[in-house]
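Those protein sequences? They're chains A and B, same order as listed. So the first sequence is numbered by the numbering used here: it starts at -19 and just counts up by one. So the second sequence is numbered by the numbering used here: it starts at 176 and just counts up by one.
Keep in mind that a hint or two might mislead.
Said to hold, decoys possible - In silico lysine to aspartate or glutamate, EDC-like type, Cα no more than 20 Å apart, as pairs:
(1) A:Lys9 <-> A:Asp187
(2) A:Lys9 <-> B:Asp209
(3) A:Lys(-18) <-> B:Glu335
(4) A:Lys9 <-> A:Asp(-8)
(5) A:Lys9 <-> A:Glu(-4)
(6) A:Lys9 <-> B:Glu335
(7) A:Lys9 <-> A:Asp209
(8) A:Lys9 <-> A:Asp100
(9) B:Lys299 <-> B:Glu335
Unchecked claim - Label pairs and their computed distance ranges (CB to CB):
(10) B:Glu296 <-> A:Ile236: 33 to 39 Å
(11) B:Leu272 <-> A:Arg169: 30 to 36 Å
(12) A:Tyr242 <-> B:Glu331: 40 to 46 Å
(13) A:Glu39 <-> B:Glu296: 50 to 56 Å
(14) B:Cys279 <-> A:Ala221: 38 to 44 Å
(15) A:His48 <-> B:Arg192: 43 to 49 Å
(16) B:Ala338 <-> A:Glu121: 57 to 63 Å
(17) B:Arg192 <-> A:Met23: 24 to 30 Å
(18) A:Asp235 <-> B:Ala338: 51 to 57 Å
(19) A:Pro264 <-> B:Arg306: 44 to 50 Å
(20) B:Arg208 <-> A:His66: 55 to 61 Å
What the hints contain is simulated information worked out from the structure, not anything from laboratory work. Bear in mind that the values here come from a model prediction, so they are computed numbers and not experimental data. Yeah, the Cβ is synthetic: ideal placement off N, Cα and C, and Gly gets one too.
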Amino acid sequence: MKPPPVVYHGPDTLEEAVRLLAEHGAEAKVLAGGQSLVPMLNMRLTAPRRLVDVNRLDELAYVRSDRHGVRVGALARHADVERATHAFETVPLLRQAVRTVAHPTIRNRGTTVGSLVHADPAGEMPAVLALLDGEVLLRSERDGERTVAAADFFVGPMESACREDEVAVEAYFPRPAGRTGTDWRELSRRSGDYALCGVGTLVRVDDAGAVVAARAAYIAMGSVPQVVDLTEAAADGDWSAAAESAADQLDPEDDIHASAEYRRHLARVLTARSLKASYEAVAP
Amino acid sequence: MTEQLHQVTLTVNGVTRRGAVPARRLLADFLRRDLALTGTHLGCEHGVCGACTVLLDGVPVRSCLLFAVSADGHEVTTVEGCCQTSGDLGPVQQAFLECHGLQCGFCTPGFITTITAYLEENPKPTEEEAREAIGGNLCRCTGYQNIVAAVLRAAELKREREAPHA
Chain A
-19 MKPPPVVYHG
-9 PDTLEEAVRL
1 LAEHGAEAKV
11 LAGGQSLVPM
21 LNMRLTAPRR
31 LVDVNRLDEL
41 AYVRSDRHGV
51 RVGALARHAD
61 VERATHAFET
71 VPLLRQAVRT
81 VAHPTIRNRG
91 TTVGSLVHAD
101 PAGEMPAVLA
111 LLDGEVLLRS
121 ERDGERTVAA
131 ADFFVGPMES
141 ACREDEVAVE
151 AYFPRPAGRT
161 GTDWRELSRR
171 SGDYALCGVG
181 TLVRVDDAGA
191 VVAARAAYIA
201 MGSVPQVVDL
211 TEAAADGDWS
221 AAAESAADQL
231 DPEDDIHASA
241 EYRRHLARVL
251 TARSLKASYE
261 AVAP
Chain B
176 MTEQLHQVTL
186 TVNGVTRRGA
196 VPARRLLADF
206 LRRDLALTGT
216 HLGCEHGVCG
226 ACTVLLDGVP
236 VRSCLLFAVS
246 ADGHEVTTVE
256 GCCQTSGDLG
266 PVQQAFLECH
276 GLQCGFCTPG
286 FITTITAYLE
296 ENPKPTEEEA
306 REAIGGNLCR
316 CTGYQNIVAA
326 VLRAAELKRE
336 REAPHA
């Protein structure tokens, strides 16, 4: 398996990358970590005429945190997000989830922003962005910069709102308000494989420990990350009942890896456990 | 279509190597075909099996998922570079030998590079950590038991070799 012939561009600046996409966007793909794109090229599932390799844009290899949230630049590898202590302290869900993205070797190269743009329905980071109501900063020659909220960013399976003339420059993961616990868990056939079902939860409590907000986001349960509000269902701390309610709102599909009914079962079990863990992380 | 060639300069196992490659030449193929470093093996060619793992600036990456042109200017370490400067076996290689960590040997280069980098990060792994460290490498012969043992033995050998002599 070898990739098809392709014209290569290796811009040294973001301006140059944006200019190249303005000119060639319709026939070009942006190459960042390549951990999804290169397998697709090797298998010839895709054959863009041009590649715009952004790996020289070192200024985008950042993970920055302040008290409001974490900003992840386009060239930050999953491993950078995983290792950044300040990011973990600000938004623990980032490390909780990124640890389940493939294997360490893949995380050394794959980028978090790239996985958002790739928008794989089984990808962890899209669900994290969706659960936290994050956003993605895009840049093009035509429109300059624009920001797209997670709710509008994931359009369909392998389809995001990033246009072919745009570079996704940065993802923003806001820190959840108040006293909020988070958790990520998933089940896959083998360690590091795509999950059959994955769930991230957040539970916010008041000072007395009462649940004031609860949400869950799912992967591999639909064509885009599925976000379900469970505030009402989880109000009295009955995690099983809340999980039941969540599973009723999901509509997974059968595929060769698992039946829809099995996926729904996993969602039920994982959600109950995850809500409990999120709650216990912040309960008084 | 006549493919345009790109000039690349990489430091491979400490030696400066140059080449002219089409954009689509994978780093694994550049190492094997252009540099005749056939220690790096290609199994699945889509990032699943881990046999082609090399170190890019010291960090394990799949050389089947990286274009040679993207690696221009970087340092690459292959299994050929995981031995001692004398040419004798490195600690990970020695441990695989002692623990029977390989049978057919096809996957071994990927294990050696992955573990070599891992022990820099975690010089004294537990068995559980050793399993996690090799989670991205497939072996169809051994059942992994002896490879896990080899990770722990390699850590031991490395500590012995690096310890200041009394």
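Now the hints, each set against the structure:
no., hint, in the structure
1, A:Lys9 <-> A:Asp187, "violated (49 Å)"
2, A:Lys9 <-> B:Asp209, "violated (27 Å)"
3, A:Lys(-18) <-> B:Glu335, "violated (43 Å)"
4, A:Lys9 <-> A:Asp(-8), "holds (16 Å)"
5, A:Lys9 <-> A:Glu(-4), "holds (15 Å)"
6, A:Lys9 <-> B:Glu335, "violated (49 Å)"
7, A:Lys9 <-> A:Asp209, "violated (35 Å)"
8, A:Lys9 <-> A:Asp100, "holds (16 Å)"
9, B:Lys299 <-> B:Glu335, "holds (12 Å)"
10, B:Glu296 <-> A:Ile236: 33 to 39 Å, "holds (36 Å)"
11, B:Leu272 <-> A:Arg169: 30 to 36 Å, "holds (33 Å)"
12, A:Tyr242 <-> B:Glu331: 40 to 46 Å, "holds (44 Å)"
13, A:Glu39 <-> B:Glu296: 50 to 56 Å, "violated (26 Å)"
14, B:Cys279 <-> A:Ala221: 38 to 44 Å, "violated (53 Å)"
15, A:His48 <-> B:Arg192: 43 to 49 Å, "holds (46 Å)"
16, B:Ala338 <-> A:Glu121: 57 to 63 Å, "holds (58 Å)"
17, B:Arg192 <-> A:Met23: 24 to 30 Å, "holds (29 Å)"
18, A:Asp235 <-> B:Ala338: 51 to 57 Å, "holds (53 Å)"
19, A:Pro264 <-> B:Arg306: 44 to 50 Å, "violated (37 Å)"
20, B:Arg208 <-> A:His66: 55 to 61 Å, "violated (43 Å)"
Hint check: violations occur at hints 1, 2, 3, 6, 7, 13, 14, 19, 20; the rest are consistent with the structure.
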